[in-house]
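Turn these sequences into a full structure, and let the hints guide you.
Number of protein chains: 2
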Amino acid sequence: MGLSPNFFDWLKEKQDLVNRALKAYVPLLEGPASRLFEAMHYSLMSGGKRLRPILVMAGAEAVGGRPEHVLPAACAIECIHTYSLIHDDLPAMDDDDLRRGKPTCHKAFDEATAILAGDGLLTHAFRLLSHEDLAQNFPEVNLLEGIRLVAEAAGLYGMVAGQMADLLAEGRKVSPEELAFIHRHKTAALIRASVLLGAILTGAKPEDKEALSSYGWKIGHAFQIVDDILDLTADEKTLGKPVGSDIRKKKATYPALFGLAASREKAKGLLEEALAALYPFGSRAKALADIAFYVLERKL
Amino acid sequence: MGLSPNFFDWLKEKQDLVNRALKAYVPLLEGPASRLFEAMHYSLMSGGKRLRPILVMAGAEAVGGRPEHVLPAACAIECIHTYSLIHDDLPAMDDDDLRRGKPTCHKAFDEATAILAGDGLLTHAFRLLSHEDLAQNFPEVNLLEGIRLVAEAAGLYGMVAGQMADLLAEGRKVSPEELAFIHRHKTAALIRASVLLGAILTGAKPEDKEALSSYGWKIGHAFQIVDDILDLTADEKTLGKPVGSDIRKKKATYPALFGLAASREKAKGLLEEALAALYPFGSRAKALADIAFYVLERKL
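Line by line, the protein sequences give chains A and B. Counting with the numbering used here, you get residues 1 to 300 for the letters of the first sequence. Counting with the numbering used here, you get residues 301 to 600 for the letters of the second sequence.
Honestly, I wouldn't trust all of these hints.
Said to hold, decoys possible - Taking lysine-lysine and the DSS-like style, the derived pairs with C-alpha atoms no more than 25 Å apart in a straight line are: (1) A/Lys-173 - A/Lys-251; (2) A/Lys-250 - A/Lys-107; (3) B/Lys-407 - A/Lys-249; (4) A/Lys-107 - B/Lys-549; (5) B/Lys-314 - B/Lys-586; (6) B/Lys-566 - B/Lys-349.
As the list claims (entries may be wrong) - Computed list of chain B residues with no C-beta within reach of chain A, every gap over 10 Å: (7) Ser-304; (8) Leu-311; (9) Glu-313; (10) Glu-368; (11) Leu-385; (12) Lys-473; (13) Leu-532; (14) Glu-536; (15) Phe-558; (16) Leu-575.
Keep in mind the hints are simulated off the structure, nothing from the lab. Just so we're clear, the structure is a prediction, and the values are computed from it rather than from any experiment. Just so you know, even glycine gets a beta-carbon here, dropped at the ideal spot from N, CA and C.
Spelled out as structure tokens, the structure:
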């Protein structure tokens with residue numbers, strides 16, 4: 001088993017779809033606040049892999065939905081992901097100058113603009129999650145369930161709490177439980193929510209939601225472990241930022257706590273568990289299976 | 301005409317109601333991220349007037365709704381207002397050390413925590429706007445309309461754009477049109493959305509929404525003008541922060557452009573127009589009328 005032979009064509013096609021949708025769904029307004037919109041688009045269109053929005057579409061497909069119908073929701077998730085990168089890169093947070101090989105938002109613009117660009121993207125995500133184009137294709141009750149899911153996963157029960165715990169863990173030895181809290185909240189929660197969101201909008205049955213939730217947690221966790229491994233083993237050019245920055249910042253990582261070999265084993269084990277969770281969906285979950293392999297095998 | 305004789309008792313009662321609801325609806329979690337929740341509550345419970353959440357309740361009352369039913373939405377608006385103050389006070393933005401006579405969030409905690417506390421409050425606002433307690437009392441379609449309204453007013457079509465324009469206007473002479481853009485986006489949009497939100501959830505008719513929208517724009521605009529006047533004329537103790545900070549920061553204000561006397565006249569005119577918009581609602585809009593007087597006459 002492994003990646004489907006045409007996976008990278010499929011991926012490119014889906015990335016193009018997301019990129020076009022982002023340009024359509026995130027305004028670029030003229031006027032006294034035009035700098036805000038330029039900064040948002042600068043970060044939004046700076047070459048992300050679009051993993052999370054593609055997971056939204058693949059989650060919809062797994063339960064019989066059409067990827068195009070969930071595009072506003074897919075864009076909302078990418079807005080949230082991008083806002084989190086902009087704020088994490090700020091001098092008061094991780095203080096990073098480079099992201100994907102380009103100056104970070106506060107370097108290309110300034111700190112105030114970067115803070116506002118993040119705030120704007122986060123707020124706009126909820127405009128998109130309640131979008132008329134979604135309400136045209138799905139029952140309102142599904143949209144509301146999706147909004148609740150994302151607000152929890154991006155906020156106090158997920159990403160924001162994880163980022164706080166991550167910052168507080170810097171420079172000291174953390175317990176395996178604390179590291180699990182950080183990974184689960186900082187990274188896995190939004191990845192899990194992406195898969196589930198597509199399924200919830202489409203009207204998934206409880207057992208399907210449970211299976212996709214399990215898949216989402218596993219690949220979310222594996223994703224963070226692989227990220228930590230790449231920070232140690234990749235070269236700066238493919239990474240788009242300096243290598244070894246986690247060590248310099250004394251970040252809590254899986255390799256730091258358990259070593260590289262055990263980290264690779266853990267990621268592989270999670271991939272297998274993620275694939276097992278997809279069994280009930282058969283060929284409908286082909287995209288989700290491919291994404292799991294891709295997450296594990298990516299060079300970045 | 302003027303304030304109802306028992307207005308301040310009524311106001312105190314409503315403020316207490318909002319304060320209790322905020323404690324119930326905004327979690328204060330233990331664990332590795334507890335500092336985040338402490339910072340959020342520090343700013344949330346630091347003695348705000350609760351004008352916006354009370355407007356949500358008064359907006360509901362004007363169209364025959366019950367104030368208690370819109371409490372999660374009222375709390376959501378206060379979360380958004382509080383997040384905006386936390387981020388505006390940051391060193392990269394207005395760089396303020398005091399707010400309501402207390403150290404600002406980044407002074408009491410640190411910059412990273414303050415950025416995350418703001419992000420957390422903003423995200424949680426949308427968890428509250430989609431809350432099951434609202435769905436129990438109102439049709440889902442009303443909740444979605446409310447979410448769209450707030451996402452626009454707080455984000456790219458309102459507050460965030462207004463804050464960007466405000467920062468870009470610092471230190472140079474702005475045109476009356478630019479000042480109007482700033483006031484409308486930075487302050488009036490969220491105040492208007494507060495009134496409308498309560499009415500929309502309750503199921504207001506189009507003509508009622510139009511009238512309340514007009515009322516909201518007028519008092520929102522008047523509020524910002526009075527704020528600018530108070531920054532020049534109040535004393536530090538009642539203001540809770542140093543007087544004249546707008547001048548020192550060379551902020552675009554109404555008094556700076558038109559003078560104090562013209563500003564007072566403008567605010568009075570807006571009050572009269574706001575009251576006129578309430579005419580169709582009769583006694584149901586008593587609270588809204590009182591709030592309009594209060595906004596104009598407040599010493600803070």
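How the hints compare with the structure:
With a CA separation close to 9 Å, the supplied pair A/Lys-173 and A/Lys-251 stays within the 25 Å bound. Between A/Lys-250 and A/Lys-107 the alpha-carbon distance is near 23 Å, which keeps this suggested pair within the 25 Å criterion. Distance check on the hinted pair: B/Lys-407 and A/Lys-249 sit about 23 Å apart at the alpha-carbon level, within 25 Å; holds. At most 25 Å may separate the alpha-carbon atoms for a hinted pair to count; A/Lys-107 and B/Lys-549 meet this at roughly 23 Å.
In summary, the hint linking B/Lys-314 to B/Lys-586 is supported, as the alpha carbons are separated by about 14 Å, within the 25 Å threshold. Under the criterion of a C-alpha separation no larger than 25 Å, the hint pairing B/Lys-566 with B/Lys-349 is consistent with the structure, at around 23 Å. Every CB of chain A is more than 10 Å from the CB of B/Ser-304 (nearest about 36 Å), matching its label as outside the interface. No Cβ of chain A approaches the Cβ of B/Leu-311 within 10 Å, the least distance being about 29 Å, so the stated non-interface status holds.
In this structure B/Glu-313 is separated from chain A by more than 10 Å, as the shortest Cβ-Cβ distance comes to about 29 Å. With a minimum CB-CB distance of about 21 Å to chain A, B/Glu-368 clears the 10 Å threshold, and the non-interface call stands. Interface exclusion of B/Leu-385 from chain A stands, the closest Cβ pair being 13 Å apart, more than 10 Å. No Cβ of chain A approaches the Cβ of B/Lys-473 within 10 Å, the least distance being about 14 Å, so the stated non-interface status holds.
Residue placement check: B/Leu-532 keeps its beta carbon more than 10 Å from all beta carbons of chain A (closest about 24 Å). The Cβ of B/Glu-536 lies farther than 10 Å from every Cβ of chain A, with a closest approach of about 26 Å, so its non-interface assignment holds. The beta carbon of B/Phe-558 sits about 19 Å from the closest Cβ of chain A, which is more than 10 Å, so the claim that it is off the interface holds. With a least CB separation of 30 Å from chain A, B/Leu-575 remains clear of the 10 Å interface cut-off, as annotated.
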